[in-house]
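Colleague: For the record, the sequence lines run as chains U and W. Per this note's numbering, the first sequence runs over residues 5 to 265. Per this note's numbering, the second sequence runs over residues 5 to 265.
Mixed in with the good hints there might be a few duds.
No distinction is drawn between identical chains; accordingly, a pair holds when it is met within one copy or between any pair of copies.
[What the hints assert, rightly or not] The calculated lysine-lysine pairs, modelled on PhoX-like cross-linking and capped at a C-alpha distance of 25 Å, are:
| hint | residue 1 | residue 2 |
| --- | --- | --- |
| 1 | K185 | K160 |
| 2 | K252 | K224 |
| 3 | K38 | K185 |
| 4 | K10 | K185 |
| 5 | K64 | K38 |
| 6 | K8 | K243 |
| 7 | K160 | K142 |
| 8 | K38 | K186 |
| 9 | K160 | K186 |
| 10 | K185 | K224 |
| 11 | K8 | K186 |
| 12 | K8 | K160 |
Keep in mind the hints are simulated off the structure, nothing from the lab. Treat the numbers as computed from the prediction; the structure is a model and nothing was measured.
What follows is the residue order along each chain.
There are 2 protein chains.
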Amino acid sequence: MNHKHKQYRGYLIDLDGTVYRGTESIPEATDFIKRLQDAEIPYLFLTNNTTRTRQMVVDKLAGHGITATVDQIYTPSLATRDYLLDKADTKKPLSVYIVGEIGLYQALLQAGFVLDNEHPDYVVVGLDNDLTYDKVKKAVLAIRSGSNFIGTNADKNLPNEEGLVPGAGSVIAFVEAAVQKKALYIGKPERIIVDMALKQLDVARDDVILVGDNYDTDIKAGINSALDSLLVYTGVSTKNQVAQQPIKPTYEINDLTEWKL
Amino acid sequence: MNHKHKQYRGYLIDLDGTVYRGTESIPEATDFIKRLQDAEIPYLFLTNNTTRTRQMVVDKLAGHGITATVDQIYTPSLATRDYLLDKADTKKPLSVYIVGEIGLYQALLQAGFVLDNEHPDYVVVGLDNDLTYDKVKKAVLAIRSGSNFIGTNADKNLPNEEGLVPGAGSVIAFVEAAVQKKALYIGKPERIIVDMALKQLDVARDDVILVGDNYDTDIKAGINSALDSLLVYTGVSTKNQVAQQPIKPTYEINDLTEWKL
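Generate coordinates for the entire structure from the input sequences, incorporating the hints supplied.
Modeller: Right, here's the structure in full:
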């Protein structure tokens, strides 16, 4: 790649596959984050994981030798919060019904939204390892009665130590089948989460680059948001897969040592 | 309609919407079943409900004043059993992993199939009011490791006193999203269940008619199986809906008093 690339003034950085691989650290990424810190370049970690709170993500990063603050963590839980805050009437707090875990609950409840199991303004569906038929039934009945339907992120699978287990996108597909309509998706590769993250980063779109390992979520999020993108081959996407894509990432590298700030 | 229709020597009869509506009886249907009994014409009740055992269905029919034996009840649970018995090697019993309720469990376990949560020959997915993420995860990991994938029936919704709640087809859509392939469906409108029911009824295909209230399941099952069909307007399908269908039922009636044996 051409090392004389544009100098970016802000970074949106994926986590799993980019900064670490599950419990495994990626030293080149740890070093890259240190370089960003030394150069005082602002960045956010942009992950599609909605199950963890921001503090839980901060703690996980600390385990990989990376110092971060909760304000640097941005997820579909936060983006859904910010999307709903934009929609909220100042007179009456929005009501929500949530299918999800602590990361999603905390983001929405701390923002002042109230829970309503029957006639919420919004039904928000994400990954829930304690999912039951009854939770989905409540979501379906509410959406069929007129509640708006948000899906946190479309990832159909999640790699873990057991294999490829069902992700948020599969849970959302369950609800979509039963309500016979599609959710409004918030997470990568949708533009919504990128727009919301840019607001929080407070750097002009043209000066920001999105870094990730997954063409279908990270790079497509860049493409959908008119944001430059950097694909790093330390995670799920392979060079062969990306070679077949009609739209390429702005840059491709083997690991983050190749990237000069 | 022309009352001088062909004389049928066997009947396959849907239940909900045709013989009763939930807890409500349909007297014209009760009378029709009595006429079949008096004329000694063989028939089976052909329902897509997999959650009840045959005895539970017999008891429900008794509550509507209809005498039936367990041998007269045929469901995707039984059709899955018969389909798997056809596939079974005589040397080793087939292993199954089941997402479903007592009706499905009983049909498969009484046939001698053994349960295997990890590497079953077949994963069979149906409606389960006690569905959990963990049950679906086990199904997904097994199918991804090579198990065959059967869906009992494609009904996305089920009407009950709460509204249109998620049906088997929505649960199967959850698994399909996570394994990224389609199930083999057994229930109406598939031909498989009709072929299996005809074997049990033991009357030639040309002499059998399928009676039901639902164009998308009952009548399509007739069409897919080259079986004559009788749509009775006492359930979900309306005349307007059926008028828009390119292929019509063989006969259409308002209620079963209009049908002469």
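Colleague: So, for every hint listed, does it hold in this structure?
Modeller: Evaluated hints:
1. For the identical chains of this complex, K185 and K160 are neighbours both inside a copy (17 Å) and across copies (12 Å), given an alpha-carbon limit of 25 Å.
2. Taking the shortest Cα distances, K252 and K224 sit within 25 Å of each other inside one copy (9 Å), while across copies they are farther apart (46 Å).
3. When the C-alpha separation of K38 and K185 is checked against a cutoff of 25 Å, the pair qualifies neither within a copy, at 45 Å, nor between copies, at 43 Å.
4. Taking the closest pair of Cα atoms, K10 and K185 never come within 25 Å of each other, the shortest separation being 42 Å inside a single copy and 43 Å across copies.
5. In this assembly of identical chains, K64 and K38 lie within 25 Å of each other by CA distance solely inside one copy; the values are 16 Å within and 69 Å between copies.
6. For a Cα distance limit of 25 Å, the shortest separation of K8 from K243 inside one copy, 22 Å, qualifies, whereas the shortest one across copies, 70 Å, does not.
7. In this assembly of identical chains, the alpha carbons of K160 and K142 lie at most 25 Å apart whether taken from the same copy (22 Å) or from different copies (15 Å).
8. Proximity of K38 to K186 under the C-alpha cut-off of 25 Å is found in neither arrangement, the shortest distances being 41 Å within a copy and 46 Å between copies.
9. For the identical chains of this complex, K160 and K186 are neighbours both inside a copy (14 Å) and across copies (14 Å), given an alpha-carbon limit of 25 Å.
10. In this assembly of identical chains, K185 and K224 lie within 25 Å of each other by CA distance both inside one copy and across copies; the values are 23 Å within and 23 Å between.
11. Taking the closest pair of Cα atoms, K8 and K186 never come within 25 Å of each other, the shortest separation being 43 Å inside a single copy and 48 Å across copies.
12. Proximity of K8 and K160 under a CA criterion of 25 Å is satisfied in neither setting, with 37 Å inside one chain copy and 55 Å between copies.
In summary, the structure is inconsistent with hints 3, 4, 8, 11, 12 from the numbered list given earlier, while agreeing with the others.
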